[in-house]
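The listed protein sequences correspond, in order, to chains Z and B. Be aware that the first sequence starts at 178, since it is given in our numbering, and climbs by one per residue. Be aware that the second sequence starts at 178, since it is given in our numbering, and climbs by one per residue.
One or more hints might be untrue.
Which copy is meant is left open, so a pair is good if it fits within one copy or across any two.
SDA-like, lysine to any residue: derived pairs with alpha carbons at most 20 Å apart [stated by the list, open to error]:
no.: 1; residue 1: Lys-185; residue 2: Ala-403
no.: 2; residue 1: Lys-338; residue 2: Ile-455
no.: 3; residue 1: Lys-338; residue 2: Thr-311
no.: 4; residue 1: Lys-338; residue 2: Pro-479
no.: 5; residue 1: Lys-338; residue 2: Ala-453
no.: 6; residue 1: Lys-185; residue 2: Gly-439
no.: 7; residue 1: Lys-226; residue 2: Arg-444
no.: 8; residue 1: Lys-226; residue 2: Arg-214
no.: 9; residue 1: Lys-226; residue 2: Ala-471
no.: 10; residue 1: Lys-185; residue 2: Leu-436
no.: 11; residue 1: Lys-338; residue 2: Pro-279
Everything labelled a hint here was simulated from the structure, so no lab data went into it.
Residues per chain are reported as follows:
2 protein chains.
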Amino acid sequence: MSSLSERKARLIVHGDQPYNAEPPLGRLRDAYRTPARDFYVRSHGDLPKIDPDTWRLIVDGAVGTALDLTLHGLRTRFPAVTVTATMQCAGNRRADMRAVAPVSGDPWDGGAIGTADWTGVRLGDVLRGAGIGTDAGLHVAFESHDTVEGHPYGVSIPLAKAMAPETLLAYAMNGEALLPEHGFPVRVVVPGFAGVRSPKWLRRITVQAHPSDNPIQAGDYKLYPADVTAETADPTRGHTIEAMPLNAAICEPARGAALRAGPNAVRGYAVAGDRAVIRVDVSGDGGRRWAQAALEHAPEAPFAWTFWTAELDLPPGEHEIAVRAWDSAGQTQPARPDDTWNHKGYLCTCWHRVRVTVA
Amino acid sequence: MSSLSERKARLIVHGDQPYNAEPPLGRLRDAYRTPARDFYVRSHGDLPKIDPDTWRLIVDGAVGTALDLTLHGLRTRFPAVTVTATMQCAGNRRADMRAVAPVSGDPWDGGAIGTADWTGVRLGDVLRGAGIGTDAGLHVAFESHDTVEGHPYGVSIPLAKAMAPETLLAYAMNGEALLPEHGFPVRVVVPGFAGVRSPKWLRRITVQAHPSDNPIQAGDYKLYPADVTAETADPTRGHTIEAMPLNAAICEPARGAALRAGPNAVRGYAVAGDRAVIRVDVSGDGGRRWAQAALEHAPEAPFAWTFWTAELDLPPGEHEIAVRAWDSAGQTQPARPDDTWNHKGYLCTCWHRVRVTVA
Chain Z
178 MSSLSERKAR LIVHGDQPYN AEPPLGRLRD AYRTPARDFY VRSHGDLPKI DPDTWRLIVD
238 GAVGTALDLT LHGLRTRFPA VTVTATMQCA GNRRADMRAV APVSGDPWDG GAIGTADWTG
298 VRLGDVLRGA GIGTDAGLHV AFESHDTVEG HPYGVSIPLA KAMAPETLLA YAMNGEALLP
358 EHGFPVRVVV PGFAGVRSPK WLRRITVQAH PSDNPIQAGD YKLYPADVTA ETADPTRGHT
418 IEAMPLNAAI CEPARGAALR AGPNAVRGYA VAGDRAVIRV DVSGDGGRRW AQAALEHAPE
478 APFAWTFWTA ELDLPPGEHE IAVRAWDSAG QTQPARPDDT WNHKGYLCTC WHRVRVTVA
Chain B
178 MSSLSERKAR LIVHGDQPYN AEPPLGRLRD AYRTPARDFY VRSHGDLPKI DPDTWRLIVD
238 GAVGTALDLT LHGLRTRFPA VTVTATMQCA GNRRADMRAV APVSGDPWDG GAIGTADWTG
298 VRLGDVLRGA GIGTDAGLHV AFESHDTVEG HPYGVSIPLA KAMAPETLLA YAMNGEALLP
358 EHGFPVRVVV PGFAGVRSPK WLRRITVQAH PSDNPIQAGD YKLYPADVTA ETADPTRGHT
418 IEAMPLNAAI CEPARGAALR AGPNAVRGYA VAGDRAVIRV DVSGDGGRRW AQAALEHAPE
478 APFAWTFWTA ELDLPPGEHE IAVRAWDSAG QTQPARPDDT WNHKGYLCTC WHRVRVTVA
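Please model the entire structure based on the sequences and the hints provided.
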């Protein structure tokens with residue numbers, strides 16, 4: 178295993194404390210399953226070092242029987258399951274929104290996203306093992322070992338999503354134990370939801386009647402209208418970001434690339450949450466005319482991204498390449514960064530545009 | 178019961194043979210549950226007159242036991258269920274696309290949509306009664322009594338949607354027997370899907386390994402890219418329109434209305450298929466600034482539209498009022514009709530805009 182500093186050197190580092198980094202888009206597009214060392218890292222606090230031999234997972238709250246599980250117990254008491262799923266930060270592509278007006282948060286390009294084979298146990302199996310009820314109004318709260326501004330990291334998800342077959346407590350990523358920065362020894366994986374709801378370094382699961390009151394759940398990761406500012410934002414009125422919207426990005430060519438006239442390959446990804454990507458349109462002239470990309474889906478992986486490839490015949494000059502995806506309900510993306518702008522810079526889903534020069 | 182000609186006189190009639198009509202938007206917004214006489218009518222052929230005493234429903238194909246049900250048998254053998262759901266035509270709001278370039282089909286305004294309490298039996302219960310298997314690859318084909326260009330009307334839906342608890346064989350609408358133009362005595366209701374998949378005047382249900390090869394299923398109601406024309410369209414490559422996208426419309430004031438300066442109420446609907454509408458933004462200046470509308474959801478009706486109301490303080494002059502909705506995955510609508518234009522004029526989901534004059 179490489180060292181953390183070796184892995185950091187491969188990534189675009191937005192911050193060191195907390196550690197936040199993403200891969201260059203070209204490398205992201207190299208593999209349908211993102212290697213762990215190239216997978217974006219979003220941290221809110223420290224990177225806890227955990228001894229797997231003493232690690233425990235507590236399951237309590239509105240359950241029939243509270244559980245206190247060792248790593249061995251978790252792995253042997255419940256069946257192992259592998260789900261191929263995309264994980265992404267709610268702030269992915271935030272950099273595009275900064276072109277409209279300032280936003281808070283790290284300026285993620287389109288690399289705060291990745292796809293992996295996640296192996297672990299179903300959260301639903303663990304909750305059933307604890308004798309969970311079926312009250313639809315319940316929430317499943319998570320607490321982790323990392324410390325964020327003096328308190329443990331904590332979020333929650335609705336019980337229905339916790340019981341969904343795709344939601345895992347994962348101990349492996351692409352067939353290997355989680356790397357320390359990805360949540361070793363155990364993280365939550367909530368496919369289709371923003372990465373913030375998939376805590377790393379998990380230590381406690383509590384079933385309760387209300388969402389987590391941890392500041393990360395109660396105060397952060399809210400979608401606000403464009404006219405709301407940091408001063409006027411009321412977290413109780415913002416939309417709690419859970420399911421992620423349709424999005425797409427151009428990974429190759431890179432922004433500002435110098436290309437040769439003639440056919441040029443354009444490659445990228447598209448993602449549609451719990452829906453399918455049915456079409457990806459690619460334009461060589463900023464969206465006046467569109468061609469359809471060839472799509473590469475993973476079979477039977479409804480929560481995984483779609484890779485796409487198009488060939489554009491580009492004449493000499495300056496061009497804006499643009500992409501927009503369509504989902505299985507016939508929805509497509511808005512055109513301009515201004516169309517979804519919000520002061521927190523979340524859910525940037527406008528057409529992704531890359532300017533290139535063709536000689 | 179009023180006569181068909183009386184009901185026609187209440188609607189905006191796009192065609193008489195086949196009969197296609199929609200209500201004025203202001204009247205559509207008067208009631209959360211659309212009265213049957215004000216509900217849009219989309220016909221593809223004749224309006225068959227059916228004697229309920231001799232009507233039969235055949236259920237056959239890949240089932241354990243074929244069924245031949247009378248209306249009485251259907252109503253007594255399976256439990257009655259009521260679902261509040263919105264039905265809409267894939268061509269709703271097509272008129273807005275015609276502003277970009279010509280499209281085929283009737284120029285529906287935003288009234289090819291309505292919401293009702295649908296009462297009937299679950300299609301899943303009927304299929305289970307026929308000993309249906311659970312092969313995920315199966316399709317459920319419908320054939321009806323109306324004749325379209327010499328053949329019976331026919332479409333199909335995937336088995337998973339046929340077995341979903343919201344999918345009904347409905348014999349009543351808002352507590353009364355279906356009107357003749359709405360499919361008396363029994364129609365299919367597939368909440369969240371385009372109206373074309375909810376046949377009226379049902380006569381046969383066939384479980385089969387492939388989608389219906391009826392021209393309406395195999396050739397029509399496909400979503401094509403913008404560069405495809407009537408001459409180049411290949412139905413096998415178009416997307417079969419099933420789940421409907423996020424949309425919203427301004428019902429009041431009407432297009433071209435003369436208003437007084439000061440606070441003016443703006444009202445309309447929004448719809449998000451199987452997702453929730455989380456926010457509706459309304460603008461009095463064509464989308465430069467947005468205010469948030471108050472939302473009116475039906476409790477526990479996930480497939481029903483959301484009514485919304487906003488108050489805009491309008492100064493004298495000409496103004497463009499615009500609306501855009503957001504769904505529970507944080508997706509919103511594209512801004513311009515050109516962003517979703519296709520030669521068939523389907524799925525017009527751009528911001529709905531109404532120009533008004535304020536004195």
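Results for each hint:
1. For the identical chains of this complex, Lys-185 and Ala-403 are neighbours neither inside a copy (35 Å) nor across copies (43 Å), given an alpha-carbon limit of 20 Å.
2. Taking the closest pair of Cα atoms, Lys-338 and Ile-455 come within 20 Å of each other only across two copies (18 Å); inside a single copy the shortest separation is 24 Å, beyond that limit.
3. Proximity of Lys-338 and Thr-311 under a CA criterion of 20 Å is satisfied intra-copy only: 12 Å inside one chain copy versus 24 Å between copies.
4. Proximity of Lys-338 and Pro-479 under a CA criterion of 20 Å is satisfied in both settings, with 15 Å inside one chain copy and 16 Å between copies.
5. For the identical chains of this complex, Lys-338 and Ala-453 are neighbours both inside a copy (19 Å) and across copies (15 Å), given an alpha-carbon limit of 20 Å.
6. Within a single copy, Lys-185 and Gly-439 get their C-alpha atoms no closer than 37 Å, and across copies no closer than 58 Å, so neither meets the 20 Å cut-off.
7. In this assembly of identical chains, Lys-226 and Arg-444 lie within 20 Å of each other by CA distance neither inside one copy nor across copies; the values are 37 Å within and 55 Å between.
8. In this assembly of identical chains, Lys-226 and Arg-214 lie within 20 Å of each other by CA distance solely inside one copy; the values are 17 Å within and 68 Å between copies.
9. In this homomeric assembly, Lys-226 and Ala-471 never come within 20 Å of each other (Cα to Cα): the closest approach is 43 Å inside a single copy and 48 Å across copies.
10. For a Cα distance limit of 20 Å, the shortest separation of Lys-185 from Leu-436 qualifies neither inside one copy, at 30 Å, nor across copies, at 61 Å.
11. When the C-alpha separation of Lys-338 and Pro-279 is checked against a cutoff of 20 Å, the pair qualifies neither within a copy, at 34 Å, nor between copies, at 44 Å.
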